[in-house]
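**Student:** Protein chains in written order, with our numbering: chain A, 1 to 205; chain B, 1 to 417.
Note that these hints are calculated values from the structure, not bench results. Any given hint might turn out to be false.
[Stated by the list, open to error] Chain B is faced by these chain A residues, among others (derived, beta-carbon under 7 angstroms): (1) R31; (2) S35; (3) D38; (4) S42; (5) A74; (6) P123; (7) V124; (8) L131; (9) D139; (10) P141; (11) P144; (12) G151; (13) L201; (14) T204.
Even glycine gets a Cβ: it sits at the ideal position worked out from N, Cα and C.
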Amino acid sequence: MTTTDAAEAVAAWLATPEGRARVVGALDRRRLPASLADDLASDVVVAALGATEPIEEPPAWATTVLVRRSIDLARARARRPVVSLDEWADAGFEAIDDAAGPDHVELEAPGDDVRRALAAVQPVAVRSAALTAVTVALDDPALPTDCPQPGAGASASDAPLWAGVWFAGGWDCWTEPDTDATRKRRSRAVSRARAALAEALGATS
Amino acid sequence: MRDDDPFVDVDEQLVLERDDALGVFEVRGWSPGPAGIAPLHLRGVAVELDVAEAGALAAAVVTDPARATRALAALLGRGRASAVASAANGLLPPGTDRMSQRRPRGRRLSNADHPATRLALLQLELDDVSLAPPARAVALVEAAAAGLLLGRGLGVGGAVRHHAAAAAELLEAVGDDIDIAGPDATELAAACRAAAAVLDEAGDTERAGRLRRRGSSFTNRTRRRPALAAAMASPDVRPEQFDAAAARPARARLAAVPSEVPVVDVGGLPAPVTARARWRGAAELEVLVADAPDAVWWARAVREDGTPLAVVPVSHGRARMLLPPGAAAAVDVTHRPDVPAPSPARRATEAALRAGVDACRAHRAGDGWSAADLWRRCAVSWETAGDDTRAGLAAAYADGAALPTQPSRPFLVDRLR
């Protein structure tokens, strides 16, 4: 079982009535409020993602970690990094393979439904761009003057995605002068964000 | 800690619980109070001590029954330790048992000044990533000295050697930055000698020598003049150093800019930083992170129900995000954007625990006013987290209706913070 598979198995077990009961039981053992149940379950899944040894029996493994993590919750200043920072060094658009997505996306679903569907999108830069695009498309906030806007020759409907990519840290998608390499980078980032949005809309419909 | 003079009082009620399905095998005592617990790892036993009622045993989780005999005997006494051993050997059925009690022979002194309590509380201080290097160095020395007093065979030797070695290195690195004098300096010098003894015993004579020399340099020191007044008078302090946006005339601001600025949570970061937010427009929020290292961090905003609103990279200490106008959002900075943002209940719990630990420190230092203020904050946070019992206890501490039990003297590190 790979680490990801094991983490998924742990998450699935925690969502079962038995797993949920164990989470609540672990909190109760430390007399902690039941409102922390989702946080505790999330801590266990994160621990599974960072596990260095194979997880043979996800329920048994998760039960043990539940007890430990509930102790951490009762301890001041216990929130700690679980894996190294290096893992997130490739979180930008450079890490994305060329992605084929739809040419156009109409945001018709309620904004928060789409946002929730985007919550787990990876890489995080794509999630970032898509979330901002939702806000720009649905709430029409005033954009800052330094945020690039599509000019002549570009589709106006791309404006939310341009803003999304720019706020997501894709600043090198706009250079002066606008070279072929820059355009290609921009097109790729916008396509990827659009594809993530399309998938999120599909999940909410 | 000795088995003929155990840490836990004989009349203290304890419950032994063995749950094979949960993999739990533990002795439970005092229910953790509003400042949470301070952990202490002994051989085969993970001990949890209450912070507000310092020295009260909250739980002893038996992690390795075969190796835990000595630590359990020192912690609970021989009688109770053998009951735990019976349970471990399957002589008692799984379940919950009130542990046998002997008739009390008179109230013993509080455990608040016990070396085990001191070590656990000092390790809690060391957990704080924002602890400045000079204070950290002093806390390490004190922790090593407390560990030395705790005695052998309990499994704390590795941690104590680590504290002593780290103290030797850090004390040298911080140079003369430790502002300590008089009796405190004498106490620190003694702690340095104790920590050096730990290193001597481990064969690390070179570090031990350095630690001793450093310790003796603290004796007969006079406290330096506070630097604040000099800094205020310095020509280097200019008005421009303060927030330019705040200094702008009110009419220059847009009417639509929200008046409430969210607090930025940096509690989940691996480094000590401070952060704040400010509105750059009606929907654009800027998060400013001071002392951000060169790492990939993200600022994010979520609604109270957990709906993500924005996640943006922190670049050169700044992150800009667009939010739906009027959205009430909780904002944090994280290095783990794949992990869901902490729930409001978790934020409140963490804030309550921090306030509780800080309140205990203020108590130790004799600063009753600050302690009361911090307990009040602790109570509000527990109430937000949905824990009325702890909220009530924290409020009682704040009002003076109840008093937390703390070590009779503050730690040296308390005076340096």
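**Student:** What are the numbers of the hints the structure violates, in ascending order?
**Tutor:** 6, 12, 13 and 14
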